[in-house]
Amino acid sequence: MKKMLLLAVVSLATAVMYAGGYRVSLQGQKSLAMGHTGVAVVNSSELVFFNPAGLVYLENKLNVSAGVSGVFSNVSYQNEATGASAITDSPVGTPLYFYASYKATDWLALGVGVYTPYGSSVEYADDWAGSHLVNNIDLKAIYIQPTVSLKINDKFSVGGGPIFVTGSVNFNRNLNRTLSDIDGNRSEVTVEAKGVNATGWTASAMFNPTDKLRIGATYRSEIIMEARDGDATFENVPNSPLTPFPATTTFHADLPLPAEMTVGLSYEFCDKWLFAFDLNRTFWDVYESLDIDFASESVPDSKNARNYKNSSIYRFGLQYEATKMFTLRGGYYFDESPVQAGRFAPETPRNDSSNFTAGLTVNVGKNLQIDASFLYSYFKEVEASYDAYYENGNAVPFGGRYKTNAFVPGLGLTYRM
Amino acid sequence: MKNTIKLMIGLATVGLVSCDAEFDNPVTEAGFYTSGTADFTRYVAVGNSLTAGYADGALYITGQENSYPNIMAQQFALAGGGEFTQPLMDDNLGGLLLNGTQVFNNRFVLSVDENGNPGPVLLEGTPTTDVATSAAGPFNNMGVPGAKSFHLAAPGYGSANPWFGRFQTSQSASIIADATSMNPTFFSLWIGNNDILSYATSGGIGVDQTGNLNPATYGPNDITDPNVFAATYSGLVDALTANGSKGAVVNIPDVTSIPFFTTVPYAPLSPLNPAFGPQIPALNATYAQLNAAFAFLGVPERSIVFSQTAASGVVVHDEGLEDLSTALTQVLIGGGLDPGTATIYGMQYGQARQANAGDLLVLTSSSAIATVDTDRVAELMSFGLTQAQAGQLSVVGVTYPMPDQYVLVPVEQEAISTAATAYNAAIEGIAASKGLAFVDAKSRLGQVANGGVGYDGGVLTSQFVTGGAFSLDGVHPSPRGYAFTANAIIDAINETYEATIPKVAIGNYGTVTATNN
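Protein chains in written order, with UniProt numbering: chain A, 1 to 417; chain B, 1 to 517.
Source of the hints: derived by calculation from the structure; they are not laboratory data. Be aware that one or more of the hints could be misleading.
Claimed, not checked - Under 10 Å between C-beta atoms, here's a sample of chain A residues computed to sit facing chain B:
| no. | residue |
| --- | --- |
| 1 | T88 |
| 2 | P91 |
| 3 | N239 |
| 4 | E381 |
Claimed, not checked - Below, a sample of chain B positions facing chain A; criterion: calculated Cβ distance under 8 Å:
| no. | residue |
| --- | --- |
| 5 | T62 |
| 6 | G457 |
| 7 | T461 |
| 8 | G507 |
| 9 | A514 |
If you're wondering where the values come from, they're calculated on a predicted model, not measured in any experiment. All C-beta atoms in this analysis are idealised placements derived from N, C-alpha and C, irrespective of residue type, glycine included.
Throw the hints in and build the complete structure from the sequences for me.
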């Protein structure tokens, strides 16, 4: 009987730890205001991220852009069969970016960028209905990218550079749906890894067939964040040989930051107008499963199916130079979720979304611009479930109705001379 | 331009202010679930330990939080239900003090012994809940452990039962008066279990009082007369419905659906057991004498033989058998046994037989079987036996017939089931005449006991420790078992009152608690 109980208790205890659909498209206020297009738009050092090849076409010698966004994201959950409901109380995310480029010669520009294309911060009330999947998660990845941009001729350029990533993850969930200590406190695990470093690269090209039309393509490589010897902390575990969790142990886990291919174009018309279209393809299929390897022998390793699929984002942007002082922007993008049916997990409840953006640039003096943007992400209500959670060998789907939205105001500065 | 800026600021403001992602039809909004023709504004639960949330042989906070009335009240809150208060204990140890002296045990927890075997063990620690210092009621949960039907209406019952004494509103209060003083708009009533259960759990040592209409003369382990039950029940329902309150009444499950009676097999004596197997030839040789006497007396079915190849039934004392002590003594003397020994044998085996599939051994017998009963040793020595002789005749279930308190023999089971059938007929009849929701807990828990009931994490069964439905006392449900019960009651309420109260996911409720002292 002991063996059976041990199995029953432990097999539940390590089911899932993951992050998913954690791409955060906030890599520049000018671009964001135009639906986060930019692979074929030449107007600032945001190109370090969007298309390094374009940097060499910037008019000024020195271009610096920096900014911050405030991410106000909200998730509501309810299950109509049981009446359970939850609303996230996630902290406001503040992703930053900094780009600088310097045109060394007519055919060579050098640049550097710091940006945060992946991350997630979701916080549910502890012990909510889906607490066996997640109580809270905070995932950060900072990309640092030295960049070179080479002009082949006036119509064609290439660019790229290495990427250094440093990241961290902090994730907490309950061990299963019921395990608790003698006072009813739910048993939980926190995994934390800091200073996880990895490298990748980006390469891009820009083609200008006419004065008005630009075409761009950027590829950013997949980067696997290999967390080694992260800290796993088990709390409120019953004092029993049947639940032999150590207070702390370490873990190994790999988390992929998937590759992304972007192609797009921009077209100037009627003098003051610019239209841009980007297509992102994110190669999420690398995220098949998240496997956590705990150092402690008494904590079984955890294998968690993810089965993400590659997904596309369709981006449209429009820019209007209203006056010498103001440039107005607007945009829209449709963001396909990489999450497949039956793999909809509450820590990143992302179904397909429609995103509306707007913004403006104010010229303050000759060299300085203030860039403002606003993003509203609209997700339809969705009835979805995560089916890969197991209890005693039985799949125990966690399902319900989700409604998500996000409001993201952002401010930035552009300096050029 | 200005407008654009205004729009931007406006959008930003909207973003900061109205953040929540709202559903078209939120479950938290009034009207999503309906109470139908019922009104859950003030829900009061009346009953015994089951209603109190008693589990693992004790009452403690987390158990009370998982009482079926509290689970239901959380669901009622989605359809206009109000606050639900409970006489919470002060800790999760579970014991009860009376003026500083412990009068009830701490709870059981699942503990692993030094050999790696898990089993129920009393949780160590000094309890902090004292009858003298507990807050006075009334509370929405008026479940009182130990209460029988007629206790609910008894003024001053708190002086006899500290579980009520700890929150009675006055010395002369009755449970039902305190309950109705809350002016409930909705009630649940689950009472009558103890009217048979204490007889059952004590192995039938009490008296079947059927025919005795005066409960004041009943002992604690007696079966309540069905007419007394029916009249009492009717009075309770009248009191609870006096202000027009709606409610749900719950019938009495079979005692055979609880692990207290189904866990210990009638034939636990295995020849493979190294402590028992080698003794079999000697035991059978001794019993051969007795078996010859049984045959001579015309009761060969009472023969006691331990199999060398299969597990054998324990030897039990069956009060349903004719007492052949005297005759047996005479025959044994006639067979050449000395009168002293023959007298002792006659006394010991005058109503003895080997257990069969019709007998139910209570959970507490497992720790007694095949152990030496020291009281019996002392008793036999007082009759003149040596300590060795007395010891040989005091092995419980092997040489010393299992005393009455450990076995529910068929005649006792029949008394219980006859009374329960009558109680249930009364409950169902009263429910029908008052238009109350009737909950057939007998059949729902019967399903759990016979094959189990599937849920998203497996199958809920009555298997002790592992089945999930029962706590470690083998009598009271686990939180998951209480959640299952709450769902059964919600079903009946929804049907009777055209309400749409959602049920809970029982897989979210725990079972037994593992802890080593």
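Going down the list of hints, with the structure as the test:
At a threshold of 10 Å, the smallest CB-CB gap from T88 of chain A to chain B is about 9 Å, leaving the interface hint in force. The closest approach between the C-beta of P91 of chain A and any C-beta of chain B is roughly 12 Å, which is over the 10 Å cut-off, so the hint fails. At a threshold of 10 Å, the smallest CB-CB gap from N239 of chain A to chain B is about 5 Å, leaving the interface hint in force. A distance limit of 10 Å between C-beta atoms decides the matter here; for E381 of chain A the minimum to chain B is near 6 Å, and the interface restraint holds.
With its C-beta approaching chain A no nearer than about 4 Å, T62 of chain B sits inside the 8 Å limit, and its interface hint holds. Because the closest C-beta pair between G457 of chain B and chain A is about 4 Å apart, less than 8 Å, the hint holds. A hinted interface residue such as T461 of chain B counts as satisfied when its beta carbon comes closer than 8 Å to some beta carbon of chain A; here the least separation is about 13 Å, so the hint is violated. For G507 of chain B, the shortest C-beta to C-beta distance to chain A is roughly 6 Å, which falls under 8 Å, so the interface hint holds.
Annotation: A514 of chain B was flagged as interfacial toward chain A, and the flag holds, the nearest CB pair being 4 Å apart, inside 8 Å.
Hint compliance for this structure: hints 2, 7 are broken, all remaining hints hold.
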